[in-house]
Structure formats: C-alpha cells, structure tokens
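Peer 1: Build the complex from these two chains, which are given one at a time in their own frames, with help from the hints.
Read off the chains here:
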Amino acid sequence: MYSSKVIAGIEIGTSKVVVLLGEIVEGQSLNIIGMGQSSSKGVLKGDIVDFHAASDCAHAAILSAEDQAGVKIDGVYLALSGSDVNGFPSEASVNVTSEDGRVSKEDIEQVSSLAKGRDLPEERVVIHHLRRPYRLDNRSVEKPLNLEGEHLEASYWTVHGNARKIGDAIHIINGFNLHVDDVILSAVAAGSVVASEEEKQNGCLVIDIGRGSTDYAAYQSGRCVVAGSFPLGGDHISNDLSIGLRMRLNQAESLKHRYGSAIVEHKNKGEKVWLNNDFEIGDRPIRLWSIEKIIELRMTEIFEVISKKLGALGRSERLGGGVILCGGGANLRNCEQCAEGVFGAPARVGDNGTMATGELRESQYSVALGLLKYGLQYQSKLGPSENKAPGLLRKLKGLFQ
Amino acid sequence: MSELNEGSSEIKPIRMKVIGVGGAGSNIVDRLMLSNPSDLHLTAINTDQQALSNSPVMDKHCIGKTVTHGLGAGGDADVGREAALADKQLLEEMVKDVDLLFLTAGLGGGTGTGVTPVLADIAAQKGATVIVFVTLPFTIERAARSNAAKVGLDKLREVANAVIPLPNDLLIQESEPDASLLEAFSQADAWVEKAIKSIWSMMNKTGLINLDFSQLQQVFANRSSKTLFGLGEGTGEDATNAAIADLKLCPLLHTPEFSKKADQLLVNLIGGTSLGISETQRIMDSIADAFGKDANVVMGAVIDESMGHRVEICVIGTSGSSDVTIFRGRRRMKKIPSANLVEPDSAEIPEKKSRKSKKTHDKSQKTEQHEFSFSEGEPRGEFENTEGTMFEGQDLDTPTFLRRGVRIPI
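Quick note, the sequences are listed as chains R and P, same order.
Start counting the first sequence at 4; every next residue gets the next number (our numbering).
Start counting the second sequence at -13; every next residue gets the next number (our numbering).
Extracted from the complex, chain P is given alone in its bound form (with noise of 0.2 Å):
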C-alpha cells in the first residue's frame, strides 16, 4: 500500500471474507478462486457433502451433518436452518476476527435460504459488518421457491447490514436470447464477483480518493430494509461517460426490490492511469446528486493498472439510517486544502461538516444532473393527467418495460 493509505492498512490490514453459502453460493466463490485477488479468503459451505467435494476452494465445510447426513437440505429452508445451528460453534469459528464479510447464496433453495441468515447473525454479533449479494429464482422456477425466497430475504435483512438481492431474471437479460440455462446462472454469478470485486479494490487499491474500513462501515452502520446497488462500465475515448451511461441503465436500478433514493451512498470509481482527479470529482458528484441528493456520500476513486481504459462505477447506498453526516474531508482537500485544516476536532464539528456537504453540492450545481432521471417517479407519457390505470397495485399506463426492470437500449 503506497503512502497514501497509511491510517488503516499498514498498522493492521483488514480482513476480509467471502463465505459461498449452499450451492448457488459456493458456485460464486468457485467463480471468484478463479481471478482471486490475493487477500481475499474464500471458503465454501454446504450441507451436501458430494456437491462440496467438486469445489476448487480450499477452505470448504460441510455443515449438518448430524442433520442432512451430507447428503443436503432438500430445499427446506427450516432442515437447512436446523443444520446450521447443529454446527453453530463450526459458524463462530468461521467468522471469527473477520472485520468484512461477504455471504454468497442463491435463496429459493434448502441451505442457502436456512443458514445465510443464522450465519450472518452470528457474524454480526462478533462484530463483522456483513454484506450479503444473494441471488432470487428465475420466475421459471417454481412459487414456491420464490416465496421461500422472500422469507429468507426477509431474514437476511433484518440481520445482516447490507443485503443485495439480485433477480436472476435481470440478469439473464444481460446474456444473449438464446443462451442456455447454465450460461444465464454463469451470468448471474458474474454480477455478483463484479460486487465483490469492486469492494475489495476500494478498500486494497492504490486510491486516488481513498476509502478506509470506517467509512466503508458508517455506511453500513444501520440495518435497513432496502439496499440501492448498481454497476457501470465503460470503455473507449469517453470511457467515463459511458461508464455512467452504463450505471445509468444498470437493470438491478430499476427493480422494485431496491431503493431509489439512498441515505448513505458509497460510490466507487475503477479505472486505469489516465483517470483524472478533476474529472473523477465532477462526475462523482453527478451520481452523488442523482441518486440522493441529502445523501452522504462516502467516495472514492482506484487506479489499477491493468483497467487501461477501461472504468467501472459501482455505487452501493442504504436508507433508512441516522443523519450523521459523514461527507468526505480527503476529497475536499484537494480542492481547498485550507478549509479542512482549519477545521478544528471539536464540538462544532457536526454543524460544520453539514454545512460542508451542502456546499459541495451548491459547488455541482446543475450542469449536466438534468440527464439524470432515475428518481423522479415512473413516467406515464401521454397518460400524464388521467387516472392510472391500477391492476394488482401497480399504475399499467406506465410502460411495462420500466415496471418490469427491463433495459431498452436506444
């Protein structure tokens, strides 16, 4: 780690995890082994014991034995919860002295659905925070495993400090039309691994703006129900822009199951050593306005080398949290290295730091925030002045594509 980053990482790195929960989960980190960047330890539980021993990871348990007999949950979610908690003492051994933690599971099934939620309770209460990417059933699959799937969801949340659910069926809109089931489910898990990816390079790459662990945990200090999650990418001359083209597009914006407007908004920036501070912080305060404009917003930028130039956005928020007001000092050093010196460790901190934010966002003014739109209520067209049209609670005169996430390319 350069220089910059000496406040955290060079006294005691921090450690992080990922835990491949059930098979959908484990086949994530199988995913992650395979372009494992190197700090991040990886481990793969189960409760069937074959489809474990197929895992290229090195660190894999096998959970309930005395209740599945390794041989799975069948997808009961209550035999699945029954198996975690016979191997509790396994759990706390796993999770313990991990600062960050992120759960993969794909919910809907037996051990997915029943352990990730006791899992991340007992990760909790040792103190990790604990960010869980979770995949939903395709609509194909059956009712019942999408009811399943609420229930678990509903689990996770009320646990875990940051749940982000992602439909199979929006990603899959992603691969081809005529792509095979295998490739859509390979699709969904590489959504995931971009997730984990891009957390895992702010917190250990080279930050042009750098983001520590305690401001990586103010944001996801409170539990809230919904989670606002999307990533971009772009390449070329304007790579930039169409990265934020792309986020601006990003099907999983556009879902019921997230929230639009966040209240704690992190927003990290990839790319090669051609990204520019002064661009970076122009188009950062564009995200940070369209997606919440009283958020705070925690950010930060990493040059990795090898993106050359290529950018990716990814931009996590959570809502329904406190109004401590945690807006980014660095970041403002650049631009006027007085005003942060000045400021003084002292009672007034909390007024002042507000006041900050709201400059900054007076600075960003409305140049080029008019582009964005994600927020402003569905539109209804030609339909503006009737009365909707509601069936099943949703207003129909509102084109399907939008209510039903679906991404329309121009």
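This is chain R alone, in the form it adopts within the complex (with noise of 0.2 Å):
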C-alpha cells in the first residue's frame, strides 16, 4: 500500500480565485488531480476588503476543484500577495572557533540564526528568510562546511508581512475546514516554475503583475534573494485609460485588452479606434497613441519601481538569465521590450512548460503550479508522516488567539 496525501495550492488575487490540487504520492511524486477558479470578489490592490465575498469566492473555487478530483484536499498551500509585504535584508557574522580553522556544523548554524533573530515590528510575521549566499572572509561560498577561514557571514533577505492581513487569508480557507500548511509568497512560488535552474544560476528577475498588486522576485547563483510586492497592476492601467480618456472603467478594460500595448507602437497620433465598436450612439473614435503611451508610462513605471526596489541587483549585469514575466500583466502585447527598456536585460515570458500541459502552461497559473511544487519539496522534506504546523502559523496562532 501507498501512502498519497493531496494538497492544494490557494491564490487568492484580485481578479480571480485559482485552486489547483495535487496528489503526492510516497513523498515523491506529484500528480496534478483537480483545478477550481472563480473571479473574485472583495479583492482590491491584493489586499481582502471584504472578508464575506472574498470567503465566498475562495470557497467555491475549492468546491468545484475538489468535486472535478473527487477528494478531500489535507493540506493547503496559499499565496501571499498585496499592499503589506516588505523585506530587509538581515546580516550576522561569528569568528570560526574550531581549532583548525574550519567551519564546523555549529558555526553555521549560531550565524544563521543570529541573523533570523532580528526583531520584527509589532504586528508583523516573517513569511520567508531567503538566503544569500554566506561569506567566507569576504569571499561568497555557497556551503561554507569544512572550509577554512577565520570569520563567517550570513545574511538573509527577510520579508515579512502585516500578521492581520495574512490572517484573513488563513481565516479564509480555515472557515472551510481546511489546514494551511504555508504560505509562500507569489513571486517566489511563480519563479520555481517559470525559472530555469539556468536562469536562476546567472542571476534573473521574475515578475508577476498581477491586476491589483506586482510581486518580484530576483534569483543570484541559483537562489532567490530578494524578493517582495507592492500593490500595483493591471487595474492601474485601467483606470489611468479611464481617468485620461474620459470613459468608464469597464470600457477601459476592454480598450486594455483589444488594443493594449506596454509600448508605443503607433507614432502616427492620428490613428484612431473606436471605443465600443457597436456603432451605437455613445461610441466615440480614440487615439491609439494615448492607449499605448498612458499605458506604456504605467507599465514602466511599475518596472523602474522594482528596478529602485532591487538597487544593485536590479542592473543588467546581475541579470544574465534576464526578466522573467508572468501573471495577467505578462499578456499585455509587448510587455517584454518595455521591462527590456528598463532593466536592459532580455526578457520573455513565462512558461509552465517543466510542469504542466496544455490550459496550465499560460502563465497566470504559475502561481498555483508553483505552491504544489513547494508543497511537494516541504513534504518530502518532512517525510509522509510527520506533518507540523510551521513556524510561522505557530506565530499566528499565537497572535490570534
């Protein structure tokens, strides 16, 4: 007899619910079983504003992922998007005590707890510590064990988020029974699928512009080392067409996506299309130029935000494997050369290609792709059996209770 346990990847964004479940059989394997969306309500600029529709939404999205597979889901890995996620980087640094000089097993550990331990803000839990590479006497060593030097560093790029926030979103899925084992931030859930270990080895940016907030997520020698979001996206853009051409938001939208470009294509500013295209009494003729050059402004806009956001690793030569992009955002046409604009370094979009087939390949499943992908690391990690609850729900709990 096999063990199998299903899990399932949660994301709750502003446009729509996506639930994808896997099944992991003997730790090992992932098979993916089920799939349940619905657009969502009660979401803007990431954030939960209205915790009724946006549990309603949630829930039917897992109902009919759950119905299409025909099982119970055990586990539930959830996405962290929106308005309150920051980072900083944390650094420590210990003298190597062994006698011969070489690091030992305890000195990594003392250093690296000693840079997790910094104390967080009230209100806020840490949600990853993502590692950089550890310095040995000033050079960067990717496992620093048995090497010989005198002093060690290691830092971390923490990124944390509002404790209160991240709690409707537990409350969410716990309301329909359902344990969530972690949560993972968008980004870095996105970046271990669309990202190759290539890409990520020679440095690369991967971004998610989702329609109310962007996450990013930049990887250095095959590990990701910063990462955060900041609650921009496609609904920007909608409502800077609609406040600078003077129409409603859902006409907007539509203009976004029948003709939307993230740079100016048409120089000609006489080129006009039409708003509705029904030719009934309210349509009105609109310059292609201002489409493309509001959005253009707004899509780099977003770009240079990140690019001031990473410093230094946001420049060209840091991004060999080049930008990576995903989420709704990614489909606006020529996204690619607007980010190529700003960072200077390729960029495409992504592709779910390494793990799936067919509808999940677009990219506005990388997300949920991604969380079953960590959800079968952590379980292997942990064994089929043992199944604690991480540290940072323990903090939660704590917080809530």
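To be clear, the hints were calculated from the coordinates, so they are not data collected in a lab.
Among the hints, erroneous ones may be present.
Pairs of lysine-lysine residues, derived as DSSO-like cross-links and limited to a Cα-Cα distance of at most 27 Å, are as follows [to be verified]:
hint	chain 1	residue 1	chain 2	residue 2
1	R	Lys270	P	Lys234
2	P	Lys180	P	Lys234
3	P	Lys74	P	Lys136
4	P	Lys234	R	Lys272
5	P	Lys82	P	Lys46
6	P	Lys136	R	Lys312
7	R	Lys108	R	Lys8
8	P	Lys3	P	Lys74
9	P	Lys3	P	Lys51
10	R	Lys19	R	Lys8
11	R	Lys75	R	Lys119
12	P	Lys234	R	Lys275
13	R	Lys272	P	Lys180
14	P	Lys3	P	Lys46
15	R	Lys311	P	Lys51
16	P	Lys234	P	Lys46
17	P	Lys180	P	Lys3
18	R	Lys119	R	Lys376
Peer 2: So this is what it looks like as structure tokens:
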C-alpha cells in the first residue's frame, strides 16, 4: 500500500481565485488532479477588503476543484501578495571557533540563527527567510562547511507581512475546515516554476504582474535573494485609461485588452480606434497613440519601481538570465520590450512547460503550480508521516488566540 | 500707440531688454532676433568668445575674460559666477535704466547657472522688474547637471521677480516622437520666445483691454517661490474656446515645478480684429476662476491684425504675496461705467476694491467653470477611497501620465 496526500495550491488574487489540487505519492512525485477557479470579489490591490465576498469566491473555487478530483484536501499552500509585504536584509557574522580553522556545523547554525533573529516591528510576521550565499573571509561561498577561514557571515532577505492581513487569508481557508500548511510569496512560488535552473544560476528576475499587485523575486547563483510585493497592477492601467480618456472603467478594461500595448507602436497620433465598436450612440474614436502612451508610462513605472527596490541587484549585469514575466499583466502586448527597456536585460513571458501541459501552461497559473511544487518539496523534506505546523502558523496562532 | 494707451507709453516708453546668458540663453535671443519686435533690445552674453562670435545679435559681450580667457566656464557654475563678479561693472552698465528685463538661460551648465543669478540680482537692485525664463536639463543629461540646475533655480528665485522654469522633457512632448535632439532643443527655445513675445505685445500693442507697466509690476511686486505659467493657442471658427482648451492642456501647468493656484494673476489675450469684448470678458473670467478664485487678476486683451483668426492666451501668476487688491478698473468701465466714475480716490479704496473684485467673481458665476479642474488635486479614479500607494513621495495610484505632466490628446 502506498501513502498519498492531496495538497492544494490556492491563490486568492484581485482578479480571480485559482485552486490547483496535487496528489503527492510517497512524498516523491506530484500529480495534478484537479483545478477550480472563480472570479474574485472583495479583493482590492491584493488585499482582502470584504471578508465574506472573498470567502464565498474562494470556497466556490475550492469546492469545484474537490468535485473535479473527487478527493478531500489534506493541506493548503497559500500564495501571498498585496500591499503589506516588505523585506529587509538581515546579516550576522561569527568567528570560526574550531582549532583547525575550518567551518563547523555549529558555526553555520549559530550565524544563521543570529541573522534570522532580528526583531520585527509589532504585528508583523516573517513569511520567508531567503538565504543569500554565505561569505567566508569576504569571498562568497555556497556551502561553507569544512572550508578554512576565520570569519563567517550569513545574510538573509527577510520577507515579512502584516499579521492581520495574512491572518484574514488564512481564516478564509480555515473557514472551509482546511489546514494551511504554509504561506508563500506569489513571486517566489511563480519563480520556482517559470525560471529554469540555468537562469537562476546566471541571475534572473521574476515579475508577477497581477491585477491589483505586482510581485517580484530576484535570483542570484541559483537561489532567491530578494523578493517583495507592491500594490500596483493591471487595475492601475485601466484606471489611468479611464481618467485620461474619460470613459468608464469597463470600457477602459476592454480597450486595454483589445488595443493595449506596453510600448508606443503607433507613432502617428492621428490613428484612431472605436471605443465600443458597436456603432451605437456614445461610441467615439480614441487615439491609439494616447492609449499606448498611457499604458507605456504606467508599465515603465511599475518596472522602474522594481528596479529601484532591487538597487544593485536590478542592474543588467546581474541579470544574465534575463527577466521573466508572468501573471495576467504579462499578456499585455510588448510587455517584454517594455521590461527590456527598463532593465537592459532580455525579457520573456513565463511558461509552465516544465510542470504542466495544456491550459495550465499559461502564465496565470504559474503561482498555483509553484505552490504545489513548494508543497512537494516541503512534504518530501518532512517525510510523509510528519506534519507539523510551520513556525509562521504557530506565531499567527499566538496572535489570534 | 493709440489714445487708449495715453497713461504710460506716450510720456515715457517702457524700456525692455532681453538678455540671453550662456549658450542656451543666446540661442533663444538669436531666435528672437529673427522675428524681432521693433523696440525690444536684445543682448547676448557668454563666457565663451567663440560661441558668441557666431551669434547674429548686435549687442554681445564676452564676460569674465580674466577668469576664463574667453574659453567658457567649462560647465562649472562657480566659474560662471566668478566670471560675472569679475565683470560686475559691465553688467551694471547693461541693466542700467531698464524697466523690464527678461533673462533667458539654460540651467545646468556653467555660464547660465553661474552668471544669471548675479545678473538678476544686479538688475533688481537697479530697480528693474526681472523675469527669468530658464530651461531645465533633459533627464537624459547627466544627474550632475540637474543638481546644478536646481541650485541655480533656487538662487534665481531669491533675487528675480519671477522665475519661469521650463523643463526640457516637457517641451519636447510638443514635438514629433522621432524629432532629432536639435529639433527638440529648438522647440524648447520656441516656448521661451512665445512667452517673451506675449508679454511684449501686452505692453506695446493696441489693447482692447490695456495693460500698463505698473500693473505688470504689481503682479511681480513680490519675490515668490513658485510661478504659474501657461500658453494656449487656438485657430478657426471657435478660436477662443480652442485656445482655452489648448491652455488647459499646456504641459507646463501640470508640472510640480509650477504652482497650481496664484495670488496674483496676469492674463493676456492676443487676437485678430474679430475678437469681441464680451467674448473676451467671459473667457477671462472663467480663466481667472480656474487658476485662483481669490487671486488678484490683471487682464489684458490685445488686437493684432496679423493674427487673423488666431487667438493666443498667456497666463502668468505668482503666489505667496500680500493681499493688495488690484482688480482692473478699466475692464469694468466698459460694463458699468458709472460705478467706476463715482469711485473716489480716498482712503476707502482698498475696501471698495476688494468688494468690487468679489462682485465681479459673482457675476461670472458657475456657468462653464466646472469644466476646469486643474487645481482640484489629482484624480485617483477607482482608488479614490483606498490608502495611497506611496513611493518616493508620490502617490502611485494617481495616473502616471498626470504625475509626469504628459499631455494626452483625446
């Protein structure tokens, strides 16, 4: 008899809720067995603003996924995004203690716990500690164990979020009698799927442009070193269009999908397209240049914000593996060129070909797939029998009891 | 000048002078030379002898030869400043007996940034009203240039009556997307030229509603930190309304460099012979309301036959000054002559005048003013009720094109 466990990757986004079910067999392999989707309500800029509406949508999606697969979910991996995710670097250093001058296991453990031990502001919880390469006497090393040296430094990028907001999302899942095994930052989840090992090794940047928020994760030497999120996304493009061209939001949304481009393609300002294209009263011609210019400015700004947040990591020479775009925003025409213009590195739209086929290859499912992948790694690390709540959840429990 | 203008110009003409400082400043003066309004005196000064020798302007001076040996300031504002101080007497001579002095310069380099504040200071001490037009460097130019430009701008604001900064980035929006750099620069120069000519015609052309120098002086009486400046142009059947629409879209009105409301406002309208008084007045009222409800508004309308059906509007305003009311009497005289005639020249004038200005605003009611929303704070649309997304001091929920002042044609 073999043991199997059904895990769900759930992303509660501003545009839709995606639920993917995966079956982990013997803690080794993953089969994707079900999917459920529903359009979101009560989520604005990546944050839950209406608990009941968001809860209903999520439950509908979970239910449809369970029905499709005919199984019950054992554990949930939840994607996290939105306004209140921040990060800071935390560093620590120790002197190598052993007599022969070689780094021992204890040294590594001590420096790691020192680096992770930084206090967070109140009401904030750690989501990830992203480890950056160790430094031994000022040279960068991946595995310092048994290497000779005097001074060992560890540095982490600590991603933290507002405990209440993360709690809201967890409560939605708990309300369905499901257990959240872990929460993962959207971009980190997406990055594990869309970026190849080689790209991560050469340094790359994964950007998940959602409807309400944009997440990013930067990789260096094979591992994620910086990640973050900020509440700008596709909704802002529609909003800009609706203000700039004086139209309703749904009209702007439709124009964006039909004619949107992240760079100005039509340099002739005279070229026009019809607003509704239905020949009814109220239809009017709109300058293509204006549409494209508004979008170009906004998209460029989104990439510029990321570039500024990354600092030196966002420079083209650190992005040998290029920029990988995913999420709904990546469907915008010429999105790659716009990103190339800002980062000075090749950009492409992400593809889930390594993990999935058919519909699931589209970049909007990258995050949910990444959650499952993360879940698989986590389960295989723990072994199939073990299943304890991770540190984050214990901390959250403390806050809410 | 016609009899309408008797008060000022017949007795003593206003002495106006334009001085272009440094390379960029001289270029603008060169442009003005080509379309020189007759009684505008043009001067170019530079620290670079060779650049100066190429200028077609008659009156040109190379300054600071003892400092730079006529080889230019090398992009160092301190050198420019030293050069100006070395030739202080020459500069004093230049601005002596000038009533209205325009200075044009490009900030960010050596000569423009260093010399202009010194010259403005000298001129102001000699009693001239100094209006400075400066272009700010493109963002593609080095960051060092834009820092130098900021320092220069602050110095100028301390000494000049009005400083009108024109960010080059904005000005090239007016040109075609694939214009060459040279075309882009000349576009920037053209803006300054338009502005100077507009003020010049205000003073010198026959007025439908006349402006005189003392009014101009009052608008610029106080040194203020921020200036409001906009130009609009319209042609055809409905030229006046087209000009207003154009003014509304003027990129300069949407930049953070400019103040959105003014305490002192100068509005000038230049049009062909078809320009009517009632139309003029209606439009001017609405402009005044849009830019500053409590502003003291000085208005002028000029008829220029060569304009044909074209109409140009120029708005200049300053903020942060005292509350002296200088609402224009002559304008009212056309409407209600009696009110103006019985008004005694006595101590109660200030009170009366302020009441009068209120009345005029009431009269102009809210018929079409709702159209104007330059100053209402920037819209956030769907995100109106959410927490702002602040990044580097900007609320990113506000459309990018609005924050960057990009003009979007509808």
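Peer 1: Quickly compare the C-alpha distance for Lys119(R) and Lys376(R) to 27 Å and report which way the hint goes.
Peer 2: holds, 25 Å
Peer 1: Is the Cα-Cα distance between Lys74(P) and Lys136(P) 27 Å or less?
Peer 2: holds, 24 Å
Peer 1: Assess, step by step, whether the Cα of Lys234(P) is no farther than 27 Å from the Cα of Lys275(R), and give holds or violated.
Peer 2: OK: Lys234(P) and Lys275(R) at ~22 Å, within 27 Å.
Peer 1: Check whether the Cα positions of Lys270(R) and Lys234(P) lie no farther apart than 27 Å.
Peer 2: holds, 23 Å
Peer 1: Is Lys3(P) close enough to Lys51(P), meaning Cα to Cα at most 27 Å?
Peer 2: Holds, because 24 Å separates the two Cα atoms, which is no more than 27 Å.
Peer 1: Decide if the proposed pair is consistent with the structure: Lys108(R) and Lys8(R), CA atoms, cutoff 27 Å inclusive.
Peer 2: violated, 33 Å
Peer 1: For Lys75(R) and Lys119(R), compute the direct alpha-carbon distance and say whether it is at most 27 Å.
Peer 2: Judged against 27 Å, a Cα distance of about 36 Å means the pair is violated.
Peer 1: Below or equal to 27 Å on CA atoms is what counts here, so check Lys180(P) against Lys3(P).
Peer 2: Answer holds: Lys180(P) to Lys3(P) is near 15 Å, not above 27 Å.
Peer 1: Tell me if the straight-line CA distance from Lys234(P) to Lys46(P) falls inside 27 Å.
Peer 2: violated, 38 Å
Peer 1: Is Lys272(R) within 27 Å of Lys180(P), Cα to Cα?
Peer 2: holds, 24 Å
Peer 1: Would you check the hint for Lys136(P) and Lys312(R), treating anything up to 27 Å between C-alpha atoms as holding?
Peer 2: Roughly 25 Å separates the two Cα atoms, so the pair holds.
Peer 1: Is Lys180(P) close enough to Lys234(P), meaning Cα to Cα at most 27 Å?
Peer 2: holds, 17 Å
When held up to the earlier numbered hints, the structure conflicts with 7, 11, 15, 16 and fits the remainder.
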